Amino acid sequence: MTAIRVLLRRLSGLFQGRLERDMLERNMDDEFDFHVQNEVAENIRRGMSPADAQAAARRRFGGVAQVKEDYREAHSLPFFQVLWQDLRFGFRMLRRNPGFSILAVLCLTLGIGATTAVFSWIEGVLLRPFPKVVGQERMMAIAGTYRGVAGAPGDSTDISWPDLQDFERNCKLFDAFIVDRITSVTLAIGDRADRTTGSLVSANYFDALGVRPILGRGFEPAENFGRNAHPVVVISYQMWKERFHGDPSIIGRVQMLNGMPHTIVGVAPEGFYGTFVGWAMQFWVPISMQERFTRDGYQLEDRGAEWIEGYVLLKPGVSPGQAQAEISAAAMRLEHDYPATNRGRGVRLFPLWKTPFNNAGTLFPTLSVALAVVCFVLLIACANVGNLLLVKAFGRRHEMSVRLAVGAGRGRLLKQLLTEGLILSTIAAVCGVLAANWCRNLLPLLLPARGRVSMRLPGEIDWRVLAFSIGVCLISAVFFGLVPALQSGKIDLLSALKAESGGVLGGSRQALLRGGLIVIQVSLSFVLLVGAGLLLKSLTAIQNTSPGFATHGVLTTSIDLTAAGYDTGRARIFQDALADRLQSLGGVQSVAFARVTPFGYIGYSSAPIAVDGYVVAPDEDPTVEYNEIGPGYLTTMGIPLVEGREFTIADKETAPLVAVVNQAMAAKYWRGRSPVGSRVQVKGHWMQVVGIAKMSKYRNLAEAPKPFFYVAMRQNINGLNLNIRTSLGPEAMTQALLSEIHALDANLAPSEVITMQEQVDRTTAVQRVAVTMLGVFAALALLLAAIGLYGVISYTVSQRTRELGLRMALGASTSNLLRVVLFHGLALTAGGVVLGLAAALSLTRLMGTLLYNVSPRDPFAFGSAFVVMAIAALAACFLPAYRAASTDPVRALRL
Amino acid sequence: MDHEKSDVLHGSLGLMVLRTLDALGPQHGWGIARRIEQISGDALALNQGSLYPSLLRLEQMGWIASKWGTSENNRRAKFYSITRAGKKQLAAEAKNWARISDILGRFLKPSKDSV
Chain A
1 MTAIRVLLRR LSGLFQGRLE RDMLERNMDD EFDFHVQNEV AENIRRGMSP
51 ADAQAAARRR FGGVAQVKED YREAHSLPFF QVLWQDLRFG FRMLRRNPGF
101 SILAVLCLTL GIGATTAVFS WIEGVLLRPF PKVVGQERMM AIAGTYRGVA
151 GAPGDSTDIS WPDLQDFERN CKLFDAFIVD RITSVTLAIG DRADRTTGSL
201 VSANYFDALG VRPILGRGFE PAENFGRNAH PVVVISYQMW KERFHGDPSI
251 IGRVQMLNGM PHTIVGVAPE GFYGTFVGWA MQFWVPISMQ ERFTRDGYQL
301 EDRGAEWIEG YVLLKPGVSP GQAQAEISAA AMRLEHDYPA TNRGRGVRLF
351 PLWKTPFNNA GTLFPTLSVA LAVVCFVLLI ACANVGNLLL VKAFGRRHEM
401 SVRLAVGAGR GRLLKQLLTE GLILSTIAAV CGVLAANWCR NLLPLLLPAR
451 GRVSMRLPGE IDWRVLAFSI GVCLISAVFF GLVPALQSGK IDLLSALKAE
501 SGGVLGGSRQ ALLRGGLIVI QVSLSFVLLV GAGLLLKSLT AIQNTSPGFA
551 THGVLTTSID LTAAGYDTGR ARIFQDALAD RLQSLGGVQS VAFARVTPFG
601 YIGYSSAPIA VDGYVVAPDE DPTVEYNEIG PGYLTTMGIP LVEGREFTIA
651 DKETAPLVAV VNQAMAAKYW RGRSPVGSRV QVKGHWMQVV GIAKMSKYRN
701 LAEAPKPFFY VAMRQNINGL NLNIRTSLGP EAMTQALLSE IHALDANLAP
751 SEVITMQEQV DRTTAVQRVA VTMLGVFAAL ALLLAAIGLY GVISYTVSQR
801 TRELGLRMAL GASTSNLLRV VLFHGLALTA GGVVLGLAAA LSLTRLMGTL
851 LYNVSPRDPF AFGSAFVVMA IAALAACFLP AYRAASTDPV RALRL
Chain B
1 MDHEKSDVLH GSLGLMVLRT LDALGPQHGW GIARRIEQIS GDALALNQGS
51 LYPSLLRLEQ MGWIASKWGT SENNRRAKFY SITRAGKKQL AAEAKNWARI
101 SDILGRFLKP SKDSV
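Chains A and B are the protein sequences, given in the same order. Each residue of the first sequence is one higher than the one before, counting from 1 in this note's numbering. Each residue of the second sequence is one higher than the one before, counting from 1 in this note's numbering.
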């Protein structure tokens, strides 16, 4: 306690201004003077002469200057005073070289800012993506698996509601199981209708997440059950403010959602955006309303229906491994109890950053590679600043020697150098954090907009991110601050003071240090170049992959009939009428409806199948994905038929059930026989196979060929997808479509009309983000390395002027000198490239999932990285080399 | 850098200052110095100036307080007085000191049976 009080008092002494310091001095003088005068008076009283009395008093008091110094020291803290001195001196040094300081701060700002920005994205998107949610660190995503399929994100499936309830009942290590299934509706309030995204959630949603609605309530346990029995909705703060103008009496109001009146029972707090990484949810409805909000009919009580996405909250202290073991055991029991629906099915927990059903899983590889990349950029920036400081330290060798000569300890000099480094990196860290703050919302800009859904991928600058950047700042300060310190430790007093000009200190040790830094920079940039090359090649490979359907001249959109209150009969009439009207438009070749558009977010349904003569392996669960399509769909989409026919108007509700299978399915289940004419059982119904469709891609370009089939679309009104083969562009078509739809029903509007090419491009967004990011950073790194190389070579040339002049005087030709200098630069580059090659060969494997059809050791990527590096190095070295070659020997020798 | 951190009272100067202020009430620096000299005779050859950094440290510890006032001869002077915490500290240190000097006294007394 006492020690703390003393420290505080002394600290307060530190921050006194000139006025207080003067006061301290004056008081000290007064007090000591008073003392001495009293002593003098006393001495005189004892009979001394005034002169003797004065002298005796002074002797008795002791050295005034010494006492004052002791007093001042006791009044403050020497450590902080020294630090303060160093800081002021450091600032003065930096102000004296504004060019150097600005360059160094820029380099570091780039490094620290980039790392902070990427880390803030990782924090806001991957680690703590759900603001306002309590216990995020115990939250994991839950998804289903099929036996034999590894747990890669793309391969996971959803879970059925009965299964999830069984998990909840049988597992002891979990606090909660939360359903969070994304859905979207057309929301019409007043005269404004918008597509809005929300979630179907279990009744425990708000309670389990610790989110309290600011108005009204969350959901009640009973609202989990009963087919469409609880038309209640909790709306987001944003929706409340923007669409309902913050109406305080909103609770109890009725809002139409998907054609059914819903009562608004709650308003979520500000800053709560739901639990879907990437998108801001605008409303939540209980899962008992499932039939209204998904496209597959009533599935709530169907154990075979996999439609639930969600999260679990582990009990505190439970490890993911323990939780996985317990839930896997529960899944095994379900397999045993319900073989018909659960055979081959398992369940898997994912950390939030690998969530398979939202943008976390897709951005995870990109962001982790980006973090590694910005660390490289930071290292390169530090090496650059280290080199700059080295040059400056060389310029300051005389100052350092003088300070050493007058008795400064080497430790004191080291502290001074570190302080200067710290000043630089602190300024840079502040600028960097500001820059990162500015970049917080940059991520969504790299991804294409999806319809009118608002993207939400914010960087989060919280105390963890700040702590991270302070750490980065300190580490880099030590890293580059110590570089010149290493060298200054070697100062040889005598020769340094004697030396009039360069040469003495620019010895081999310093050259080695500078060279080493350059080699590191070159190798790091080389690794980044290779990475960028690989990603670029991978992106080209993806984009050159044919999806198996026409991407040009085909437009896609959707019309939400449920929201407009259509029943099945009216929907069918509307559909046929619209198809007829569109067919007769000029420029339209064909029109077709389908339940799912390829490459969309809405996934395909899958169904258990059986084929005559196909023997199912004991562990196999023959489930295949399918799409429901209208007449003429395959023609419209440009998917060729290998055999048989596609669906026609004749395949309507009353006609026998028919199916079209793809080549992979034919090969797998009919083994060389033609399936056309034979039958397949889908969900218990036998259907006749009438055709074989050529292979195409269904969800994304990178997927492996897989079995797939089509059935004729019958009753479907939810989210009707319309595909149009036309020579018209999307804008022209939107107009035509709108007027045709309005001619039938003025209350309907299509969603965004886009080309299939656009639809495909949206799925390659992640790869393009990765390429953009890595490309930008690799270019920055290359620039920094080239600047570093240029700096070192021109510095060496300026140091070697005398030697070069001598060589020239002794008969070396211009080209000879050019070669000498270039060789020096290229030797450093070569060293860096060799090191970088070794590093890249082992590091690029880690890019795994980001690469498509490209080997991590692709010779093209390595080759082009080499060429780019070589060109950059030549460019950086040529100017100094040219300068060296044009040295005037007379002037050089006279220097 | 370490010497000023060492406990003031170990030098016993602080203990003398506290005792002086406790006995005489508020005093200025010269008065304290005089008193210490009177009590100790010339046995304690002390630079009077070294008293002042000690006074500052005692004040920082919160054991004494200081106030500017006017002296007997009408000059501006700084007066020191002991605080409540200082009295407590004085009592504790005095007891400690007595114990140590007692122990040391017993040690250093010529023993009869060892002769």
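Because the hints were derived from the structure by calculation, they are not lab data. There's no promise every hint is true.
Computed Cβ-Cβ distance ranges for the label pairs, DEER-style [as the list claims (entries may be wrong)]:
| id | chain 1 | residue 1 | chain 2 | residue 2 | range |
| --- | --- | --- | --- | --- | --- |
| 1 | A | D52 | B | L24 | 27 to 33 Å |
| 2 | A | I44 | B | Q38 | 17 to 23 Å |
| 3 | A | D52 | B | A65 | 35 to 41 Å |
| 4 | B | S40 | A | R26 | 27 to 33 Å |
| 5 | A | V318 | B | R99 | 45 to 51 Å |
| 6 | B | S40 | A | S49 | 44 to 50 Å |
| 7 | B | Q38 | A | R59 | 27 to 33 Å |
| 8 | A | E399 | B | K67 | 20 to 26 Å |
| 9 | B | K67 | A | I44 | 38 to 44 Å |
| 10 | B | R99 | A | V134 | 54 to 60 Å |
| 11 | A | D52 | B | R99 | 41 to 47 Å |
Quick caveat: nothing in here was measured; it's all calculated off a predicted structure. Quick reminder that beta carbons are idealized off the backbone N, C-alpha and C, glycines included.
Going down the list of hints, with the structure as the test:
Under the hint 27 to 33 Å, the C-beta atoms of A/D52 and B/L24, about 29 Å apart, fit the expected range. In this structure, A/I44 and B/Q38 meet the distance hint of 17 to 23 Å, their C-beta atoms being roughly 19 Å apart. As the Cβ distance of A/D52 to B/A65 is approximately 36 Å, the hint placing it in 35 to 41 Å holds. For B/S40 paired with A/R26, a C-beta distance near 32 Å keeps the hint of 27 to 33 Å intact.
Look at A/V318 against B/R99: about 58 Å separates their beta carbons, and that is not inside 45 to 51 Å. Checking the proposed 44 to 50 Å range against B/S40 and A/S49 shows it is violated: the Cβ atoms sit about 27 Å from each other. The hint said 27 to 33 Å for the Cβ distance between B/Q38 and A/R59, and at roughly 19 Å that hint is violated. Here the CB-CB span from A/E399 to B/K67 is close to 47 Å, at odds with the stated 20 to 26 Å.
For the pair B/K67 and A/I44, the supplied restraint of 38 to 44 Å is violated, since their beta-carbon distance comes to about 29 Å. Distance hint check: the CB atoms of B/R99 and A/V134 are about 58 Å apart, consistent with the given range 54 to 60 Å. A C-beta distance of roughly 45 Å is found between A/D52 and B/R99, which places it inside the suggested range of 41 to 47 Å.
The structure fails to meet hints 5, 6, 7, 8 and 9 from the earlier list, while all remaining hints are met.
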